[in-house]
Every structure is written in structure tokens, then in C-alpha cells.
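Visitor: Here's the letter readout for the chains.
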Amino acid sequence: MGMSERRKIPAPEANPETATYWDGARAGKLLIRTCGACGKPHHYPRALCPFCFQPAARWIEAAGTGEIYSFSVMRRAETPYAIAYVRLPEGVTMLTNLIDCDFDRLRIGMKVRLVFQDSAGGPPVAMFTPV
Amino acid sequence: MSIRGKAYIMGAYEHPTRKAPDKSVAQLHAEVAAGALADAGLAKDDVDGYFCAGDAPGMGPLSMVDYLNLRVRHVDATDTGGSSYLVHVAHAAEAIALGKCRVALITLAGRPRSEGMATGTAPRAGNPAIPEIQFEYPYAPTVANMYAMCAMRHMHEFGTTSEQLAWIKVAASHHAQHNPHALLREVVTVADVLASPLIADPLHRLDCCVITDGGGALVVVHPDIAKSLKRPLVKILGVGEAVKGQFGGNVDLTFSAAAWSGPRAFAEAGVKPGDIQYASIYDSFTITVLMQIEDLGFCEKGQGGRFVADGNLISGVGKLPFNTDGGGLCNNHPANRGGMTKVIEAVRQLRGEAHPAVQVKNCALALAHGTGGSLGLRHGSATVIMERA
Ligand SMILES: [Zn+2]
Numbered sequence: 001m002g003m004s005e006r007r008k009i010p011a012p013e014a015n016p017e018t019a020t021y022w023d024g025a026r027a028g029k030l031l032i033r034t035c036g037a038c039g040k041p042h043h044y045p046r047a048l049c050p051f052c053f054q055p056a057a058r059w060i061e062a063a064g065t066g067e068i069y070s071f072s073v074m075r076r077a078e079t080p081y082a083i084a085y086v087r088l089p090e091g092v093t094m095l096t097n098l099i100d101c102d103f104d105r106l107r108i109g110m111k112v113r114l115v116f117q118d119s120a121g122g123p124p125v126a127m128f129t130p131v
Numbered sequence: 132m133s134i135r136g137k138a139y140i141m142g143a144y145e146h147p148t149r150k151a152p153d154k155s156v157a158q159l160h161a162e163v164a165a166g167a168l169a170d171a172g173l174a175k176d177d178v179d180g181y182f183c184a185g186d187a188p189g190m191g192p193l194s195m196v197d198y199l200n201l202r203v204r205h206v207d208a209t210d211t212g213g214s215s216y217l218v219h220v221a222h223a224a225e226a227i228a229l230g231k232c233r234v235a236l237i238t239l240a241g242r243p244r245s246e247g248m249a250t251g252t253a254p255r256a257g258n259p260a261i262p263e264i265q266f267e268y269p270y271a272p273t274v275a276n277m278y279a280m281c282a283m284r285h286m287h288e289f290g291t292t293s294e295q296l297a298w299i300k301v302a303a304s305h306h307a308q309h310n311p312h313a314l315l316r317e318v319v320t321v322a323d324v325l326a327s328p329l330i331a332d333p334l335h336r337l338d339c340c341v342i343t344d345g346g347g348a349l350v351v352v353h354p355d356i357a358k359s360l361k362r363p364l365v366k367i368l369g370v371g372e373a374v375k376g377q378f379g380g381n382v383d384l385t386f387s388a389a390a391w392s393g394p395r396a397f398a399e400a401g402v403k404p405g406d407i408q409y410a411s412i413y414d415s416f417t418i419t420v421l422m423q424i425e426d427l428g429f430c431e432k433g434q435g436g437r438f439v440a441d442g443n444l445i446s447g448v449g450k451l452p453f454n455t456d457g458g459g460l461c462n463n464h465p466a467n468r469g470g471m472t473k474v475i476e477a478v479r480q481l482r483g484e485a486h487p488a489v490q491v492k493n494c495a496l497a498l499a500h501g502t503g504g505s506l507g508l509r510h511g512s513a514t515v516i517m518e519r520a
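Heads up: the protein sequence lines correspond to chains A and B, in order.
Residues 1 to 131 (the numbering used here) are what the first sequence spells out, left to right.
Residues 132 to 520 (the numbering used here) are what the second sequence spells out, left to right.
These are computed hints drawn from the structure, not numbers from a lab.
Hints should not be assumed to be uniformly reliable.
To be verified - Taking lysine to aspartate or glutamate and the DMTMM-like style, the derived pairs with C-alpha atoms no more than 20 angstroms apart in a straight line are: (1) Lys111(A) with Glu288(B); (2) Lys154(B) with Glu246(B); (3) Lys361(B) with Asp177(B); (4) Lys8(A) with Glu78(A); (5) Lys111(A) with Asp179(B); (6) Lys40(A) with Asp383(B); (7) Lys231(B) with Glu288(B); (8) Lys358(B) with Glu484(B); (9) Lys137(B) with Asp355(B).
Note that the coordinates shown come from a computational prediction; the quantities given were computed from them, not determined experimentally.
Could you build all of it, start to finish, from the sequences and the hints given here?
Guide: Following this line, the structure appears as C-alpha cells:
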């Protein structure tokens, strides 16, 4: 079907717990929150580690690579779009969209790279596109 | 402590409407409450426990208790989406076993069809205080595309096919043809399902449940009351609940929380999946059925596609008769919440009151299972095992 169109992205509403994540996005970085005690990364980011309830004190910058764990192209939308879970080498799987690609060529296991797309009046949002 | 045999389902009522533009949601709750109590042979003032979920207008149970003018000593408004009503059966049995109430009324009603709700295909914004919203809503998850991602992964890991998924809809349609109230009564084929438009890859329109107005209600009672009534005795043997999410980023779409709620219910009931003669399996989408059948232990993980194929879910034909009312796929999915009708059809089967064309012979042991919320994001599962006593 050729290269996909970009959909309008609603602005995510940050709060004090998540401000660092969205500041990172504004700087073009995908930040993964990591526990100061058990060392495990998690996503979406929480103040307390969801594995041990200790403060998740550190943020690491994702390399910006990943692979498709699953996806689905939403045909019944004004602008069709691809939702996906992408596995990051940092050890988390995140909900995202696959953009700027031919939806008919998407496959599970495909390598993808990070791209940010502007939201309507909010911070940019981490998306992925096939390598 | 176990709830095995401590409570009975003695009233069950499914509203016959599938589109109710001329009624209010509260009115539908009252109509199904009256229907279930009449079915049980009980009066309004016998009710001393009330259970409802997010479909009930008002704060928790407060508005409905007041609107129905109930005098209750136990309430529970646990909301796990479409599985809530199976949770309510479990909680009602627990409350009755502890002496907190003796006649528990559970109601469900809604009007998404009249209100023109794009149930499966429109992303829902939600309250920004919900912790995941800002990390999910920008990506437009919908009911359909999140279940679709589970199907996509299942196909990748286990070789499941769209044809196999289609068999689930085909079986439901074979049952629905006998239900005069069913929204869709036409028998469909695998080819019909595959020829219907793609909604969210790989799910077609006919892989999705119907959107209907209506509702249903149940009356769960103490054994002493059950034995004083004239209706067939439907004994609750075992219940299980579970919630599954994204595990802090360790997402695994290959199984549902049925893998946890099912074994809990089977252990309490003291029976095995192979003993079940009839199963009501939550069917928001065909993939929902397939994954739950695996997770409940009716077949091995990954073998669901082979298990559901070739009519194996059709009553009188296959090994596991399911959703003999036509289920959410063909009959009814009131308020976008299918758990209530799952219990109601299981009760009909155990009473021998299902349509003769789909009635399981001498049905003495049945299971009802629900999945509420989003299979691909976070969901609540509940399993109830019942016996004709
Ligand atoms: Zn930790």
C-alpha cells in the first residue's frame, strides 16, 4: 500500500512523576527508568520500582533500536495506523506506533529504530520505523 | 475455607431487547432485577446483598441501591470490565458463605447500540490520573487492535490461522440460529468470516462481537433458601479470579489471566477441564475464546487453533459445546460486557433449559469464564464452575 501517512497524535499529559521522561522526549531521548536497588529497568516509568518497590532512581537513555514483538494495522480509522509492542535491547517492551513505512511489509521480529513524532501541543512521542 | 457448595444460582434473566432507545439504563437494571427475582421465585425485599459494576449509573452501588429501593447489608461494586459479573458471583458466594448476606442480586445493563458507541474502534482518552494513559493514549490503542495484537503474536508463535479463528464464529452462529432473541441468527461459514472486512489485522469484522443494548441479572442464594425454591438447583463449586497486565514492561501476549483464575476454580471445585460438559467462554473476539480455551486447560498452549477447528465447539458435534446462546459473537454483548450472559447460558444448560437444538444431554457440570478490560493491555479474568445438584 506504499508509505503510510502520519496520524495526528494527541498530547500526552505529563505529571510530576513522569516529567523527566517527557523532558527527555523533548531532547530527542527515549528514557527508561531503572531501579536504584534491584537494578531492573521498567516501562512505563514509575517512581517506585514495580519489581521491588524501592525508588527507581536512575534513567538510562535507550539506544533507539528494537524489534517488533507484535503489531496490528488499524484499518478502520480516518488515517490507518499501526500499533505495536516493540522490544528494546534495554530489556523492556513498549507500546508504540510504527510510522513512515509500508504497513503491508510489517512483520513480527522486524528490526526498527526510534523516531519521534510531534504531538498536538505536547511533547514529541516515541515511535518506531523499520530499519 | 472454600465456597464449594456454599451458594446456589437460583435466578437468571437475560433481557430480550437488543436495542432499547426508549428505555433508560437504570430502568434496564430494574427490569433485569425483576426478571431474575421472578425466575428464582423471590421478592424484591428478600434481597440483602447487591452487586454491580461500572455499567451501573452513579457512584458504585449507591444510586442503583437507592433507585431500586433495596435494603441491603452487603454491597460490592468491583469492576473488572466484562468479567465483573463472574467476579460478583464469586464474591456473592464468599459473602453468603461468611453470613454477610443470603440473597445476592447482581445486575448489568447498558445501551451502547442506541448511543452509537464505536466500542471497538475508537481510542478512549480516559482520566489523565490513570497512570498508563499518557504512555498509551497517544498511540491510539483500541479494543480491536489490542486483541488483534494478541492474535498476531499467537499466529507467530504457534502457527494459528485466520481459518481456525473463524471456526469460533462459525460455531457461535450455528448456536445463534436457534435463539429467537439473537442479534445475528444467520449461519456463517469460514469463508464468510475471511471475506468480511479487516478491522485490525488479523481480525475481521466477523471475528468481533456484536454491540447490543440490554442486560441481565443473577440471584445467588444461601443453600437453605435454594432448597426452599422450586427452580433446579445450580450449585457453585469453585471460583477463581486474576488480573494480568504488562509486568512492568515484560509484556507477554501469549496467555491470559485465565491461566491463573482457571486452575484456582478447578482446584476449589475438585474437577478437571476434561470433566466440563458445557463451557461459556468470553467471546469479545474469536482470539479471546481461543486463548482462554488453552489457558483454562481444555487443550495445550498453542493447540487452540487445532482444537476449535472443524466444529469442535458446536453443541452435538464437537467435544466442547460453547456459548450455546450464540454468545457475544452472535447473540448479545449488553453494555459491551459479556460476563453476565456467560453465566446465564451456563445456568440454562445446567437446568436443561437451553434451546433443545443446543441443549447438552444430562448437563451436570458447566464452566463460565470472563475476560474484562483489554487482553493486550491489562485485563481481569474470572472463572466459575457450577454443578446441577
Ligand atoms: Zn527494583
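Visitor: Decide, hint by hint, whether the structure agrees.
Guide: Checked hints:
1. Lys111(A) with Glu288(B): holds, 18 angstroms
2. Lys154(B) with Glu246(B): Holds, because 12 angstroms separates the two Cα atoms, which is no more than 20 angstroms.
3. Lys361(B) with Asp177(B): Distance ~16 angstroms between lysine 361(B) and aspartate 177(B) Cα, so the pair holds.
4. Lys8(A) with Glu78(A): Between lysine 8(A) and glutamate 78(A) the Cα gap is close to 10 angstroms, so the pair holds against 20 angstroms.
5. Lys111(A) with Asp179(B): Not OK: lysine 111(A) and aspartate 179(B) at ~58 angstroms, beyond 20 angstroms, violated.
6. Lys40(A) with Asp383(B): Cα-Cα ~17 angstroms, so holds.
7. Lys231(B) with Glu288(B): violated, 47 angstroms
8. Lys358(B) with Glu484(B): Since the Cα atoms of lysine 358(B) and glutamate 484(B) sit roughly 19 angstroms apart, the hinted pair holds (cutoff 20 angstroms).
9. Lys137(B) with Asp355(B): holds, 10 angstroms
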